[in-house]
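Number of protein chains: 2
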Amino acid sequence: MKIQDEAIIQSLLDIDFYKFTMGQLIFKKHKDVPVRFKLTNRTSSVSLSKMIPLEQLKEQLDHVRTLRFNNSELHYLRGTNEYQERMFQEDYLQFLKNMQVPQYQLEYNGDDLILELLGSWSETTYWETICLSIINELYYRNLMLQKSRLAQDAIFATGVKNLLDKVKVLRKCPGLTFTDFGTRRRFSRPWQKYVVEMMMAELPQQLKGTSNTKLAMDLGLMPTGTAAHEMDMGYSGIYHSSDEEIYGSHKRFLHDWREMYGWGLSIDLTDTYGSNFFFKEFTHEEAVFDKGLRQDSGEPIEFGLKALEFYIKEGINPKEKMLIFSDGLWAEKMIDIYRYFHKDIMTTFGWGTDLTNDLCLKPLSLVIKLVEANGHGTVKLSDNLSKAIGRPEDVERFKRIFGYKNNFSETCKY
Amino acid sequence: MKIQDEAIIQSLLDIDFYKFTMGQLIFKKHKDVPVRFKLTNRTSSVSLSKMIPLEQLKEQLDHVRTLRFNNSELHYLRGTNEYQERMFQEDYLQFLKNMQVPQYQLEYNGDDLILELLGSWSETTYWETICLSIINELYYRNLMLQKSRLAQDAIFATGVKNLLDKVKVLRKCPGLTFTDFGTRRRFSRPWQKYVVEMMMAELPQQLKGTSNTKLAMDLGLMPTGTAAHEMDMGYSGIYHSSDEEIYGSHKRFLHDWREMYGWGLSIDLTDTYGSNFFFKEFTHEEAVFDKGLRQDSGEPIEFGLKALEFYIKEGINPKEKMLIFSDGLWAEKMIDIYRYFHKDIMTTFGWGTDLTNDLCLKPLSLVIKLVEANGHGTVKLSDNLSKAIGRPEDVERFKRIFGYKNNFSETCKY
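Protein chains in written order, with my numbering: chain A, 563 to 976; chain R, 563 to 976.
Here chain A stands alone, though its shape is the one from the complex (with noise of 0.2 Å):
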């Protein structure tokens, strides 16, 4: 088999951590609400369908589908700990071990890949990271294959000579901690193991797990991940018969996580409708409750103040609470917030595509969302309306809803 052909997921393990915190609780509750993911490619400039022949593309999706956990695989899931005691019950681990990903829906438009996974959402969520580590990493093999041996090796060269950049830029910070969130955004597989054993080695005390369950698993690291913003947008469309619903559709998922998981996993995702409506909402015993909040679009110093100034005129103590970011960081940047908030409260980062695709080619930014969910488009509006997601009447009306006013808008570094 040559190098191109190789399976690039190998296990269903090889998927963020939060499709399983995300998965137990679709599982128990929301089982057969049928779904529609879609991909969407932000590159403009990269046409997915000329780089990726799409024969290649259905064999590497087509083997996913042969996938099951195995045995190790499921102990290890049982086995975890790290949030909560056995956090994961045998009923959702039962329902893993006779689980295959559904069918997909994949066609070649012009330039245009259109890859849409439809069907339950318990079954159809773990396609999400998959289809992203799948496409990237055949994007970049046939990019490679377009190079000479000594072109692609001095691209590695330059991955190597990088990832030592950041290790030497962050030592010089040892109070700032990360964690791995690259699966999605990998140049490959294997250089994502390589990029995170070279952190183990290099910074073991400011690296703090990956949200690769399969690497955590390899490894010996913290697997790491609580919710993403496919959980608002599911709860939207199930809870959808009037304005008033879908507004309160947001807590009601928070209140359901909360059940689930307790303190372990209150990491509260501020930004599906905006941060303003997040703390508009947010009471002041949830506050007291959650571990912290996730910053994922919009300013993080803006949003880091937004949370100080609401911690503190709720007489809630920050230095006990943690702000984790995760929009497009880099070693600089993240020094930065780390140094302006590391002494009124607690940090720690979420490092993806700058940690895992920072050879010298363009990575792409692809993303597969939610869009529809029990019949009803889903939307994101997040704090950088370029960032949004959904039909733009659904927008609109969102907008409406959560009383949303921000303009900002601002091209992703990825």
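Honestly, the hints are just simulated from the structure, not real lab data.
Check the hints yourself; a few may be wrong.
A pair counts as met if it fits within one copy or between any two copies, since identical chains are not told apart.
[As the list claims (entries may be wrong)] Listed next, the in silico DSS-like pairs over lysine-lysine satisfying Cα-Cα at most 25 Å (straight line): (1) 709 x 730; (2) 709 x 770; (3) 709 x 734; (4) 734 x 905; (5) 755 x 709; (6) 931 x 600; (7) 967 x 842; (8) 924 x 730; (9) 881 x 868; (10) 591 x 853; (11) 612 x 924.
Remember, it's a predicted structure, so these values are computed and weren't measured experimentally.
Please build the complex by placing chain R on the supplied structure of chain A, with the hints as guidance.
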């Protein structure tokens, strides 16, 4: 077996090809002349004895004494016809078949590593590049072991990027040709192989061969090399009864050489006693007969002009002659020399240290030179007095005998 213990020399063919061209002449004419070779470390900032454990070095040297030329290696030499039909005669090949390199003498004295090779010239000569390759690779292995895996990878990454830079520079000058002369200074055996393979792939019209016989065999490249200072130096010890005989020993060697290899290997090394002496004695007939000249010290442009002037004065068309430059070259320097001369005379380049040891670790400048032959101290003056070899009193005597007046002295780049 750990990498640091792996045998560096795995074949007696892993030496410079000129050891065989010289070796056959030595075998035929001066088989039993007693000689002494000695290591000199010109990189005084590095203590070899501190960097390389005695036992490690002994293990590698002892391993070489277990090696014999195998059948395929002898076939390869027997089949060599690039310079002359069946240039290696059967009696010489039979001699090689049974040959073992003689004992070495190794002593650690403070910062110094004292390595001497004593024995008959016909057997001892093979140690030269072997010892240099071994000491280099052990030095870098030990240096690398002090570094983290990422730092090691970053060193290789620098090597890859430097190599790509060389390719880009040389591609702009497609008429320039070169040969790998880097066996003795290589970072490691695998690295030399990598570099040569990349050059084959990237600059197939410009890479003309390698001095490493094993690499040439393995990669199907042209094995290259003619004669070294060792020949003049050895002959000076054999023909030593008077100043006149010493003076004449240079011509005796060239006579024997031309007799054995004819036009095929008639590239004269010009600087053993300084190029002024060489040109003073170089006759019209010799210049007509010979392919060309090799420059290995001093100023290359100055030397080239001297050679051009000589050919023109003798009414010989310089366009039919070749200058080989082999002293401390790098890509831009080769291009300068090539552009200066290529319309008037053929040029090519023997590229050593900068080709096979340009990572981001300082290259060592080690030489192993014939310091005694037939009981007499030998001398190399060269066109750069800082490269002179010999006991001070012998150097003074040889300067007088050969009318050496050059005072140019320059620390080599390598």
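Tested hints:
With identical chains, the CA atoms of residue 709 and residue 730 are at most 25 Å apart between copies only, with a shortest distance of 14 Å across copies and 30 Å within one. Within a single copy, residue 709 and residue 770 get their C-alpha atoms only as close as 36 Å, which misses the 25 Å cut-off; across copies the closest is 23 Å, which meets it. Taking the shortest Cα distances, residue 709 and residue 734 sit within 25 Å of each other only across copies (19 Å), while inside one copy they are farther apart (36 Å). For a Cα distance limit of 25 Å, the shortest separation of residue 734 from residue 905 inside one copy, 17 Å, qualifies, whereas the shortest one across copies, 56 Å, does not.
In this assembly of identical chains, the alpha carbons of residue 755 and residue 709 lie at most 25 Å apart whether taken from the same copy (23 Å) or from different copies (20 Å). For the identical chains of this complex, residue 931 and residue 600 are intra-copy neighbours only, at 6 Å inside a copy versus 71 Å across copies, given an alpha-carbon limit of 25 Å. In this assembly of identical chains, residue 967 and residue 842 lie within 25 Å of each other by CA distance solely inside one copy; the values are 13 Å within and 91 Å between copies. Taking the shortest alpha-carbon separations for residue 924 and residue 730, both the intra-copy value of 23 Å and the inter-copy value of 22 Å come in at or below 25 Å.
For the homomeric pair residue 881 and residue 868, the shortest alpha-carbon distance inside one copy (15 Å) is at most 25 Å, but the shortest distance between copies (79 Å) is not. In this assembly of identical chains, residue 591 and residue 853 lie within 25 Å of each other by CA distance solely inside one copy; the values are 24 Å within and 87 Å between copies. Only within a single protomer do residue 612 and residue 924 lie at most 25 Å apart by alpha-carbon distance; the minimum there is 17 Å, versus 45 Å between protomers.
The structure meets every hint from the earlier list without exception.
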